[in-house]
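Participant: One-letter residues, chain by chain:
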Amino acid sequence: MDDIFQGPAEIFRIFGIPITESIVNSWIVMALLIVLALALRRNLETYPGRVQNVLELIVDGFNNLVKTTMGSNRIGFMPYMLTLFLFIAISNMLGLVGLRPPTADINITLGLALLTFLAIHFYGFRIKGFRYILSFTEPFFPVLPLNIIGELAKPVSLSFRLFGNILGGAVLMAMIGGAIAIFVPVFPGLYFELFAGLLQSFIFVMLTMVFITLAIE
Amino acid sequence: MEHSLLTVAAFAALGAGTAMIAGIGAGVGQGYAAGKAVEAVSRQPEARGQIIQTMLLGQAVAETTGIYALVIAFILIGIVNSVM
Numbered sequence: 001m002d003d004i005f006q007g008p009a010e011i012f013r014i015f016g017i018p019i020t021e022s023i024v025n026s027w028i029v030m031a032l033l034i035v036l037a038l039a040l041r042r043n044l045e046t047y048p049g050r051v052q053n054v055l056e057l058i059v060d061g062f063n064n065l066v067k068t069t070m071g072s073n074r075i076g077f078m079p080y081m082l083t084l085f086l087f088i089a090i091s092n093m094l095g096l097v098g099l100r101p102p103t104a105d106i107n108i109t110l111g112l113a114l115l116t117f118l119a120i121h122f123y124g125f126r127i128k129g130f131r132y133i134l135s136f137t138e139p140f141f142p143v144l145p146l147n148i149i150g151e152l153a154k155p156v157s158l159s160f161r162l163f164g165n166i167l168g169g170a171v172l173m174a175m176i177g178g179a180i181a182i183f184v185p186v187f188p189g190l191y192f193e194l195f196a197g198l199l200q201s202f203i204f205v206m207l208t209m210v211f212i213t214l215a216i217e
Numbered sequence: 001m002e003h004s005l006l007t008v009a010a011f012a013a014l015g016a017g018t019a020m021i022a023g024i025g026a027g028v029g030q031g032y033a034a035g036k037a038v039e040a041v042s043r044q045p046e047a048r049g050q051i052i053q054t055m056l057l058g059q060a061v062a063e064t065t066g067i068y069a070l071v072i073a074f075i076l077i078g079i080v081n082s083v084m
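The listed protein sequences derive, respectively, from chains A and B.
If you count the first sequence from 1, position 56 lands on 56 in my numbering, and the numbers rise without skipping.
If you count the second sequence from 1, position 58 lands on 58 in my numbering, and the numbers rise without skipping.
Keep in mind that a hint or two might mislead.
Pairs of lysine to any residue residues, derived as SDA-like cross-links and limited to a Cα-Cα distance of at most 25 Å, are as follows [claimed, not checked]:
{"#": "1", "chain 1": "B", "residue 1": "K36", "chain 2": "A", "residue 2": "I149"}
{"#": "2", "chain 1": "B", "residue 1": "K36", "chain 2": "A", "residue 2": "F195"}
{"#": "3", "chain 1": "A", "residue 1": "K67", "chain 2": "B", "residue 2": "V71"}
{"#": "4", "chain 1": "A", "residue 1": "K67", "chain 2": "B", "residue 2": "G25"}
{"#": "5", "chain 1": "A", "residue 1": "K154", "chain 2": "B", "residue 2": "A47"}
{"#": "6", "chain 1": "A", "residue 1": "K154", "chain 2": "B", "residue 2": "G58"}
{"#": "7", "chain 1": "B", "residue 1": "K36", "chain 2": "B", "residue 2": "G49"}
{"#": "8", "chain 1": "B", "residue 1": "K36", "chain 2": "A", "residue 2": "N53"}
{"#": "9", "chain 1": "B", "residue 1": "K36", "chain 2": "A", "residue 2": "F202"}
{"#": "10", "chain 1": "B", "residue 1": "K36", "chain 2": "B", "residue 2": "A9"}
{"#": "11", "chain 1": "A", "residue 1": "K128", "chain 2": "B", "residue 2": "G25"}
{"#": "12", "chain 1": "A", "residue 1": "K154", "chain 2": "A", "residue 2": "F202"}
{"#": "13", "chain 1": "A", "residue 1": "K154", "chain 2": "B", "residue 2": "E46"}
{"#": "14", "chain 1": "A", "residue 1": "K67", "chain 2": "B", "residue 2": "I77"}
{"#": "15", "chain 1": "A", "residue 1": "K128", "chain 2": "A", "residue 2": "L198"}
{"#": "16", "chain 1": "A", "residue 1": "K154", "chain 2": "B", "residue 2": "V71"}
{"#": "17", "chain 1": "A", "residue 1": "K67", "chain 2": "B", "residue 2": "L76"}
{"#": "18", "chain 1": "A", "residue 1": "K67", "chain 2": "B", "residue 2": "A47"}
{"#": "19", "chain 1": "A", "residue 1": "K154", "chain 2": "B", "residue 2": "L56"}
{"#": "20", "chain 1": "A", "residue 1": "K128", "chain 2": "B", "residue 2": "V71"}
{"#": "21", "chain 1": "A", "residue 1": "K128", "chain 2": "B", "residue 2": "Q53"}
{"#": "22", "chain 1": "A", "residue 1": "K154", "chain 2": "A", "residue 2": "L198"}
{"#": "23", "chain 1": "A", "residue 1": "K67", "chain 2": "B", "residue 2": "G23"}
{"#": "24", "chain 1": "A", "residue 1": "K154", "chain 2": "B", "residue 2": "A13"}
{"#": "25", "chain 1": "B", "residue 1": "K36", "chain 2": "B", "residue 2": "A47"}
{"#": "26", "chain 1": "A", "residue 1": "K67", "chain 2": "A", "residue 2": "N53"}
{"#": "27", "chain 1": "A", "residue 1": "K67", "chain 2": "A", "residue 2": "L55"}
{"#": "28", "chain 1": "A", "residue 1": "K128", "chain 2": "A", "residue 2": "I149"}
{"#": "29", "chain 1": "A", "residue 1": "K154", "chain 2": "B", "residue 2": "V41"}
{"#": "30", "chain 1": "A", "residue 1": "K154", "chain 2": "A", "residue 2": "G178"}
{"#": "31", "chain 1": "A", "residue 1": "K154", "chain 2": "B", "residue 2": "A33"}
{"#": "32", "chain 1": "A", "residue 1": "K67", "chain 2": "B", "residue 2": "V41"}
{"#": "33", "chain 1": "A", "residue 1": "K154", "chain 2": "A", "residue 2": "D60"}
{"#": "34", "chain 1": "A", "residue 1": "K67", "chain 2": "B", "residue 2": "Y68"}
Everything labelled a hint here was simulated from the structure, so no lab data went into it.
Being a predicted model, the structure only gives us computed values, none of them experimental.
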């Protein structure tokens, strides 16, 4: 339990920048995603086999999700959303193999949330232009500071939601593992690592899509 | 000095426990959303997938205040750990 509370351990330094366990584990997730993508795209066929069937199920499901949430003309957002979902989902589930989940580190979740924040305002400004800045004064001018605070709160709430959920699950798992180490942690592990991990990554992606759609419509 | 540090640790631990009172709000909110979703499914069983998706999204937003409290509790427990 102590190592969860102590925060991610520092492994080495590059030019004085500490490289922590979270960063190394997120590199592992990235490497896994890249290797899987390169390996699985090799043998694509017209009549899909078992592996390709599962892949097509995932891609098709995400296509439909992006279409229903953002509108069918914004299907171009789908690759980013699916990558974000896979990265967060695999990060959350790293606890299953005994590694520290990178998403149990506020720096990583805040980085992901800042990407969403940049995407919201970039696409809002690109599609609506100057009208986007004017939309902060709706419904009338005196609410401008409230709207700005509301916008700044979005990345904070996104990052803290993911961070708190995953760290809370990791701490609970460590406590259960400290009490009874053998066999019993499997069942709460199914909930905290698999179910909560998938759910939180889904919610992060859903909220990103909803925020971007709100900004550009 | 030793005495006052122990007092800080004690109150930080108390604060961590007290902060989680916020869990009541998140629990009530999530339960209300789940109840309304059951009503909606029983009225329109064919829209089940869409309703569950909306319910999970709403519950995640309702959960945010509880998660803030959890993060504050973790920070306070960190203080306890650094003092002890």
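Participant: Could you run down the list of hints and mark each one as holding or not?
Facilitator: For each hint, the structure was consulted:
A distance of roughly 31 Å separates the Cα atoms of K36(B) and I149(A); the hinted pair therefore is violated under the 25 Å criterion. Pair hint K36(B) plus F195(A) holds up; C-alpha atoms about 22 Å apart against a cutoff of 25 Å. For the proposed pair K67(A) and V71(B), the alpha carbon gap of about 35 Å is over 25 Å, so the pair is violated. Restraint check for K67(A) and G25(B): not satisfied, since their Cα atoms lie roughly 33 Å apart, outside the 25 Å limit.
Taking the CA atoms of K154(A) and A47(B), the gap is about 29 Å. The hint is violated against a cut of 25 Å. Note on K154(A) and G58(B): the hinted pairing holds, with a Cα-Cα distance of about 15 Å set against a maximum of 25 Å. As the CA atoms of K36(B) and G49(B) are separated by approximately 14 Å, the hinted pair is consistent with the 25 Å bound. Proposed proximity of K36(B) and N53(A) is contradicted: the alpha carbons are some 36 Å apart, above 25 Å.
For the suggested pair K36(B) and F202(A), the alpha carbons sit about 21 Å apart, so the restraint of at most 25 Å is met. Using a Cα cut-off of 25 Å, the hinted pair K36(B) and A9(B) is violated, with the two alpha carbons roughly 43 Å apart. The suggested pairing of K128(A) with G25(B) is violated, with an alpha-carbon distance near 38 Å, which exceeds 25 Å. Our distance criterion of 25 Å between C-alpha atoms is met by K154(A) and F202(A), whose separation comes to about 17 Å.
Simply put, K154(A) and E46(B) have alpha-carbon atoms about 33 Å apart, too far for the 25 Å limit, and the pair is violated. A threshold of 25 Å between alpha carbons decides the hint, and for K67(A) with I77(B) the separation of about 44 Å lies outside it, so the pair is violated. Proximity of K128(A) to L198(A) is assessed by CA-CA distance (about 34 Å); at most 25 Å being required, the pair is judged violated. With a C-alpha separation of about 17 Å, the suggested pairing of K154(A) with V71(B) holds against the 25 Å cut-off.
A hinted pair counts as satisfied when its Cα atoms are at most 25 Å apart, and K67(A) with L76(B) does not qualify at roughly 43 Å. Of the supplied pair hints, the one linking K67(A) and A47(B) holds, its CA atoms being roughly 17 Å apart against a limit of 25 Å. Between K154(A) and L56(B) the alpha-carbon distance is near 18 Å, which keeps this suggested pair within the 25 Å criterion. Proximity of K128(A) to V71(B) is assessed by CA-CA distance (about 37 Å); at most 25 Å being required, the pair is judged violated.
Only pairs whose Cα atoms come within 25 Å are accepted, and K128(A) paired with Q53(B) is rejected, the gap being roughly 29 Å. About 21 Å separates the Cα atoms of K154(A) and L198(A), which keeps this hinted pair within 25 Å; it holds. Between the alpha carbons of K67(A) and G23(B) the distance comes to roughly 35 Å, so the proposed pair goes past 25 Å and is violated. With a CA separation close to 30 Å, the supplied pair K154(A) and A13(B) exceeds the 25 Å bound.
Straight-line distance between C-alpha atoms of K36(B) and A47(B) comes to about 14 Å, which keeps the hinted pair within the 25 Å bound. Distance check on the hinted pair: K67(A) and N53(A) sit about 21 Å apart at the alpha-carbon level, within 25 Å; holds. As the CA atoms of K67(A) and L55(A) are separated by approximately 18 Å, the hinted pair is consistent with the 25 Å bound. Under the criterion of a C-alpha separation no larger than 25 Å, the hint pairing K128(A) with I149(A) is consistent with the structure, at around 21 Å.
Between K154(A) and V41(B) the CA atoms are separated by roughly 30 Å; this puts the pair beyond 25 Å, and the hint is violated. Distance hint between K154(A) and G178(A) is unfulfilled; the C-alpha atoms sit about 36 Å from each other, more than 25 Å. Annotation: proposed proximity of K154(A) to A33(B) holds, straight-line Cα distance about 22 Å (limit 25 Å). Among the hinted pairs, K67(A) with V41(B) is consistent with the structure: their alpha-carbon atoms are about 23 Å apart, no more than 25 Å.
Our distance criterion of 25 Å between C-alpha atoms is broken by K154(A) and D60(A), whose separation comes to about 29 Å. The straight-line distance between the Cα atoms of K67(A) and Y68(B) is roughly 32 Å, outside the 25 Å bound, and the hint therefore fails.
In this structure, the earlier hints numbered 1, 3, 4, 5, 8, 10, 11, 13, 14, 15, 17, 20, 21, 23, 24, 29, 30, 33, 34 are contradicted, and the remaining ones agree with it.
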